[in-house]
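*Asks:* Given next are the chains, with one letter for each unit.
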Amino acid sequence: METLNHKEVINLLLQLAAMLILARVFAELARKFKLPAVVGEILAGIILGPTILGTLMPVAHEYLFSSHEMSNIALDGFVQISVVLLLFIAGLEVELQVVWNQGKNALKIAVASMVLPIIAGFVLAYAFPEFLGVNINDRIVASTFFGLAISITALAVVARILMDLGIFKTQTGLLIIAAAMIVDILGWIVFSVILSLSESGSDGLGVWPTIGLTLFFTFFMLTLGKGMINRVLPWINKNLAWPGGLLSLSLAICFIAASFTEFIGIHAIFGAFIIGVALGDSEYLTEKAKEILHQFINNIFAPIFFVSIGLKVNFVEAFDPGVTGVVVIVGLLAKYFGAYLGGRYAGINRKESIIVGFGLSTRGSMDIILGLIALETGLVSESLFIGLVILALISSIGSGPLINWAQKLKI
Amino acid sequence: MYHKIALAIAFSPRIEALLSETNRLVNLFDSQLVLIHVGKRSDEREAKLQGLIEKANLSAEKTKVIWKEGKPVKMIIEACHEEEIDLLVAGALKNESIFTYYLGSVGRKIIRKAPCSVLTLIEPKLETTGFSQIVFNGTQAQITPFLIKQGIDFAKKVDADQIFILNEIKMYGLQMGTAAEDSEQEVAHTRRQLVQDEIKYVEGILGKLDQGDLKINIKVTGGRWAIELARFSEKIGADLLVVGDEHKLNFFDRIFPHDLEDLLSTLPCNLLIVKK
Numbered sequence: 001m002e003t004l005n006h007k008e009v010i011n012l013l014l015q016l017a018a019m020l021i022l023a024r025v026f027a028e029l030a031r032k033f034k035l036p037a038v039v040g041e042i043l044a045g046i047i048l049g050p051t052i053l054g055t056l057m058p059v060a061h062e063y064l065f066s067s068h069e070m071s072n073i074a075l076d077g078f079v080q081i082s083v084v085l086l087l088f089i090a091g092l093e094v095e096l097q098v099v100w101n102q103g104k105n106a107l108k109i110a111v112a113s114m115v116l117p118i119i120a121g122f123v124l125a126y127a128f129p130e131f132l133g134v135n136i137n138d139r140i141v142a143s144t145f146f147g148l149a150i151s152i153t154a155l156a157v158v159a160r161i162l163m164d165l166g167i168f169k170t171q172t173g174l175l176i177i178a179a180a181m182i183v184d185i186l187g188w189i190v191f192s193v194i195l196s197l198s199e200s201g202s203d204g205l206g207v208w209p210t211i212g213l214t215l216f217f218t219f220f221m222l223t224l225g226k227g228m229i230n231r232v233l234p235w236i237n238k239n240l241a242w243p244g245g246l247l248s249l250s251l252a253i254c255f256i257a258a259s260f261t262e263f264i265g266i267h268a269i270f271g272a273f274i275i276g277v278a279l280g281d282s283e284y285l286t287e288k289a290k291e292i293l294h295q296f297i298n299n300i301f302a303p304i305f306f307v308s309i310g311l312k313v314n315f316v317e318a319f320d321p322g323v324t325g326v327v328v329i330v331g332l333l334a335k336y337f338g339a340y341l342g343g344r345y346a347g348i349n350r351k352e353s354i355i356v357g358f359g360l361s362t363r364g365s366m367d368i369i370l371g372l373i374a375l376e377t378g379l380v381s382e383s384l385f386i387g388l389v390i391l392a393l394i395s396s397i398g399s400g401p402l403i404n405w406a407q408k409l410k411i
Numbered sequence: 001m002y003h004k005i006a007l008a009i010a011f012s013p014r015i016e017a018l019l020s021e022t023n024r025l026v027n028l029f030d031s032q033l034v035l036i037h038v039g040k041r042s043d044e045r046e047a048k049l050q051g052l053i054e055k056a057n058l059s060a061e062k063t064k065v066i067w068k069e070g071k072p073v074k075m076i077i078e079a080c081h082e083e084e085i086d087l088l089v090a091g092a093l094k095n096e097s098i099f100t101y102y103l104g105s106v107g108r109k110i111i112r113k114a115p116c117s118v119l120t121l122i123e124p125k126l127e128t129t130g131f132s133q134i135v136f137n138g139t140q141a142q143i144t145p146f147l148i149k150q151g152i153d154f155a156k157k158v159d160a161d162q163i164f165i166l167n168e169i170k171m172y173g174l175q176m177g178t179a180a181e182d183s184e185q186e187v188a189h190t191r192r193q194l195v196q197d198e199i200k201y202v203e204g205i206l207g208k209l210d211q212g213d214l215k216i217n218i219k220v221t222g223g224r225w226a227i228e229l230a231r232f233s234e235k236i237g238a239d240l241l242v243v244g245d246e247h248k249l250n251f252f253d254r255i256f257p258h259d260l261e262d263l264l265s266t267l268p269c270n271l272l273i274v275k276k
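Chain order of the listed sequences is A and B. The first sequence begins at 1 in the UniProt record's numbering and counts up by one. The second sequence begins at 1 in the UniProt record's numbering and counts up by one.
This is chain B alone, in the form it adopts within the complex:
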C-alpha cells in the first residue's frame, strides 16, 4: 500500500516519538523509509541523526537519509517528488493561532502542499499510537471511493476496532427549504430519501471492497463535512480521521477557508489526508 514512507527530521523535541511512530508504520506496511532533513550537513548533525536512527531501531537497509538545503517546505516537497513518496508522516499542533493560520507554519504548509498522502500526528508517542477508532469522510466526491479503499486497507493493517464513515447531505438546508413547499408527508419522505441516498452511496463503495473483520458504521449528517467530522471525531474520541484531498491549497484558501482548511485550523485528532 505504502511502498515509501517519508519523515521530515527537524531535531525537535518530538522527533524521537515521530521516529518511533514512523518505524511502526514502516514495519506494518513493509515499506522503505526516507528521512528528509533540511539544513546544513555537518558531522555533528550526522552523528545526532545516526544516534536517533539507532535509538528508534530503524533498519539500516530500509532507511535512506536525504540532506537538503534551502526553504524547508519547498525542499521537503521536492524530496517527496524525487523519491516518489507514498506517505509523508508529519507532526502538527492541534490548534493554530490566528497569526500562524494566515501565515502558515512549516508543518501546515507541508500538509497543504504535499504531493502524496500525509499522516499528521498531533501527539506522537514513543510507545506509538493505536488507531482503534477511525473516522472516514464518506461525503460524495470523486476521491471518496479511493479514500474509503485506502482507509480500509490502512485500518486492516493497524488492526482498528471500529470504523465510522460519516456522510454529509450536501446543502441539506437548501434542499429541505425547497422541499418545504410540499405536504408534511412529502417533506418527511424527502428527508428520509436524502439520508438513504447517502447510506446507499457508501454501501455501493463498500460492496466492492474486502472489509476483513472490520466493524463499519455509516453515519449521516446535515452539516458541512469538515466541521461535522471534527465534531464527531471529538465526540467519540477518535484516534484517526481519514479525509481525501483533490486540491492544492494556497493562501487564498486560508482567507476564504473551506473544507480541509477548516479542519486544519483545529485538528480534532490525528489526520490522514489521502491523495491520489
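Bound-form chain A, shown alone:
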C-alpha cells in the first residue's frame, strides 16, 4: 500500500491546521456580526486559496496547496468524507414527525418553492447556456441541475435565523422548518435522478436501474430500514460504550449507505442523507446523541469542506458580474415568489406568506454542495459556481433582516 512520505504528512497536517484555524477565526468574526458560521468559513477558503493567498503570497500558497500531490489527494479524501458527513447531519435534521404534523400546507409550500426556481433556472440555463456557463453537451441535465441548485433551502441556517428571531416554535416557524425539510428530501431525490441521467455522472448501472434503485433505497430505508435501525440501536445503547459505540457505528452505517449509492451510480452523499433521515427519525437516537454528532461534524468537517471551496476556485479570475447578477436575482426572486405563492395557495395570510418566502429563500450549505458536484462533474462553469456561492452568502446574510422587517409589516 502506498503511503505518504515524511514531507507529505507534514504538508497534509499543515493544510488541515491552516484550514481549521482560519475557518475558526472567520467563523468567530461572522458570529460577531450575527452571521452564519458558513459565511466565515467560505471567506476563510477564499483568503487561503488562489484568490487572495495565491495572489499576494504565491510561494506560501504553492508550498501549502500545490507542492505535494499526494497530500492533496489525501486532503481530497478528507473533503469527500466531510461532504458525506455534512449530508448525514442534514438528514439527521429532517424530522419526519414535524413534516407530518405540518401536513399538506408544508408540502404545498415546499413544492411551490422548488417548482418555480427549477422552471426559472431551467428555462434560463437552457436558453442561454453559453452565457451562464452550463455544459452545452449535457444541456437538459445541466439546466435542470442549475434550477435545482437555486431551489434548495439551507435548513440549518434557516433554523438558526428563526431561533434568533424567536419565531422557531411559532406556527409560521414550524411551517418553514417542515417545508425546508421536505425541500431537502425532494431536492436530494431529484438530484440523484438527474445525476443518473447525466452523461458525465453515469458511472453506475445505467439510467433506469439507477432511478429504480434510488427510489427503492429511499423507500426501504424510510420503512423497513428504519425498523431495523430501531432494533439495532437499543442494543447498541445498552451494551456498548456511550456515546462512543453509537457514534462510531452511526458513521459506519452512514459510510456503507454512501458507498452503496455511489456504487449504483448516484452520488455518495445521497446515501448519507437518506441514512441520516432514517437514523434521525429513530426514537432510539437520543437528542443528546444528535447534538454530539452536530457538534462533531459542524466544528471539524464542515469547516474543512467550506474552506476547500475557496481552494478550488479563483473567485477573482473566474468571477463574472453578469452571471453572478443573474444567478442572484433569479435565485432570490424565483425562490421567494415560489414559497410566497405556495403559502398563499395553502391559505396562509399575506404577511405570513412573505415571512415564509424570505425564510425558505435562505441558502447556505446544500446549494453550494450541489453546485460543487455540478462543477466537478463538468455540468457548470466556475463562474456559475461562484454565482451560486454568492447567492448562498447573500441569502443567508439577508434572510434574517428581511424576516424581521416582514414581521413588522402592518398588512
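Quick caveat, the hints were computed from the structure, so don't treat them as lab data. Positions of the beta carbon are idealized from the N, C-alpha and C atoms, including for glycine. Wrong hints could be hidden among the right ones.
[Unchecked claim] Below, in silico cross-link-like pairs of lysine-lysine (DSSO-like), each with a Cα-Cα straight-line distance of 30 Å or less:
{"id": "1", "chain 1": "A", "residue 1": "K169", "chain 2": "B", "residue 2": "K200"}
{"id": "2", "chain 1": "A", "residue 1": "K104", "chain 2": "B", "residue 2": "K55"}
{"id": "3", "chain 1": "B", "residue 1": "K219", "chain 2": "B", "residue 2": "K275"}
[To be verified] Derived, one-sided and incomplete: chain B residues facing chain A with beta-carbon distance under 10 Å:
{"id": "4", "residue": "I169"}
{"id": "5", "residue": "G173"}
{"id": "6", "residue": "M176"}
{"id": "7", "residue": "G177"}
{"id": "8", "residue": "A179"}
{"id": "9", "residue": "A180"}
{"id": "10", "residue": "D182"}
{"id": "11", "residue": "Q185"}
{"id": "12", "residue": "V195"}
{"id": "13", "residue": "D197"}
{"id": "14", "residue": "I227"}
{"id": "15", "residue": "E228"}
{"id": "16", "residue": "A230"}
{"id": "17", "residue": "R231"}
Once you've looked at the hints, dock chain B against the given chain A.
*Replies:* What follows is chain B alone, placed relative to chain A:
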C-alpha cells in the same frame, strides 16, 4: 363533560370487565350509556346481552343498546356519529404484532378512526381500574390547551393522586446543534431557555383552569413526545396516559408511523385520546 359514553360489545372474554369499567365512568360523569353491537340480532344474543347488563348493574334508564349489521369498524364509527357520542370506551392489546400493526386490528382501527374521544383500557378489571397517576401530553400543539382542560376535569372526577404533564422540546437536537456555534455560556442559556419556554407554556394553560386539589408536575423532555411519553409512563407506572389527536390516521400513517401511531403500536398503559 361526557354526556354520552359508548362501548362496543363483542361478547369477548373481557366484556364483563369492560362493562364494569364503563359503568363506573357512566356513574362518575352522570352520562348516558350506549352499547353498540355489530352482528345479527337474535333472541339468544339479546338474552345474553341482557344478562350482561344485569350482571354489571347498568341502569336500564340510562342504557341504550344499538344493533347494527355490517363491517364492525364502519358500523361502530357510524353509531358514534349518529348518537353523538362524547367518549368511546375500548379494550386493546398492549402490543401489536407486525402483521396486526400493518393490517390493523378492529380495536386499533376504531381508536384511529373514532370521531370522539377514546378511552383504551389495556387490562379492564371487574373491580374497575383506579386512575391514580395520570400523564398528560403537554407538547405544544393546537389541541393541547383543550387536552389539558379535559384531562384535568377527568382527573378531578376520578380523584387522581398525581398528574404529570410531559412536554417535548421540539427539534431539540437541531436547535442545540444550531446553538453550538455560540459560546459555552450562550449554549447553556439557550438550553435553559428551551426548558423554561415549555414550562411557561404549560403554566400559561394551567393558570386559566380550576385545578382543584390535584398535584400537578411539569416535566420537560428533549425527545419525540410519543416515545418519551411511553417511556415516562412505564417508568412511573402510570395508570392513564392522556394525549390529543387532531388527525384522522390511515394506512399511510402506519407505513410512515408518527406520534400517535408510535404510541398505539406499544401501549404503555391505559390511554385516553382526546378529540375535539
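*Asks:* So which of those numbered hints doesn't the model satisfy?
*Replies:* 2, 11 and 12
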